[in-house]
Amino acid sequence: GNSVTQMEGPVTLSEEAFLTINCTYTATGYPSLFWYVQYPGEGLQLLLKATKADDKGSNKGFEATYRKETTSFHLEKGSVQVSDSAVYFCALSSGGSNYKLTFGKGTLLTVNP
Amino acid sequence: ETGVTQSPTHLIKTRGQQVTLRCSSQSGHNTVSWYQQALGQGPQFIFQYYREEENGRGNFPPRFSGLQFPNYSSELNVNALELDDSALYLCASSLQGGDGYTFGSGTRLTVV
Chain A
1 GNSVTQMEGP VTLSEEAFLT INCTYTATGY PSLFWYVQYP GEGLQLLLKA
51 TKADDKGSNK GFEATYRKET TSFHLEKGSV QVSDSAVYFC ALSSGGSNYK
101 LTFGKGTLLT VNP
Chain B
1001 ETGVTQSPTH LIKTRGQQVT LRCSSQSGHN TVSWYQQALG QGPQFIFQYY
1051 REEENGRGNF PPRFSGLQFP NYSSELNVNA LELDDSALYL CASSLQGGDG
1101 YTFGSGTRLT VV
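Chains A and B, in that order, give the protein sequences. Take 1 as the starting number for the first sequence in this note's numbering and just add one per residue. Take 1001 as the starting number for the second sequence in this note's numbering and just add one per residue.
Treat the hints with caution; some may be incorrect.
Selected chain B positions facing chain A (Cβ under 7 Å, derived; list incomplete) [as the list claims (entries may be wrong)]: (1) Gly-1003; (2) Gly-1042; (3) Pro-1043; (4) Ser-1086; (5) Leu-1090; (6) Gly-1100; (7) Gly-1104; (8) Ser-1105.
Because the hints were derived from the structure by calculation, they are not lab data. None of the values given here were measured: they were computed from a predicted structure. We treat Cβ as the ideally placed atom computed from N, Cα and C, and that holds for glycine.
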């Protein structure tokens, strides 16, 4: 079955540091890949997505590239802000963007001023 | 355009009781999915409803059931509550064939 493995947190960075959160997946076929963000006390918000190999998703300075050869979708940001503090989830869907999502366990990011 | 609204935001139930959680989908969306997020874990897919019928189910027992209404709103019912059912329950709406989910803020269920 499908599964997602992402690096365990928590991750603590200083403002303006470089961020990488690793994500690898196992799936049949060609899944769509997502990063979701969850701020304290809130639901999930889609951060970015990629639907085919070599696609790069980007939003709010975050980027991730769909690497089929390494089954990876690592999240990066060049300069984090305090407001980026949240839990980040990597997810995949085998049936299109609105079919069931399989999530990783989440990575808590804390950015200090 | 309104987003996804869930109610209640928090509730506490006793083991063995039954609970109903409610979700109003985003305007224009016709599909509703439910997820269970245990503390410190990623969300787990419970089921999806489309055209008032179950359209896919995750690995949850039959005591988890749902409904979708003609206005596309939905309910999640859980019978015979167990302590392990304590979690954040997330509703997400989408348009069948569309481009992704909109999640609600969730209902925090505590079973004591």
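Verification of the supplied hints:
1. Gly-1003: Since the shortest Cβ distance to chain A is 9 Å, the answer is violated.
2. Gly-1042: OK, holds: Gly-1042 of chain B within 7 Å of chain A, min 3 Å.
3. Pro-1043: Cβ of Pro-1043 of chain B sits 5 Å from chain A, so the hint holds.
4. Ser-1086: This interface hint is violated because 17 Å lies over the 7 Å limit.
5. Leu-1090: With Cβ-Cβ at 6 Å, under 7 Å, it holds.
6. Gly-1100: holds (4 Å)
7. Gly-1104: holds (5 Å)
8. Ser-1105: Holds, about 4 Å.
Hints 1, 4 from the list above are not met by this structure, while the remaining hints are.
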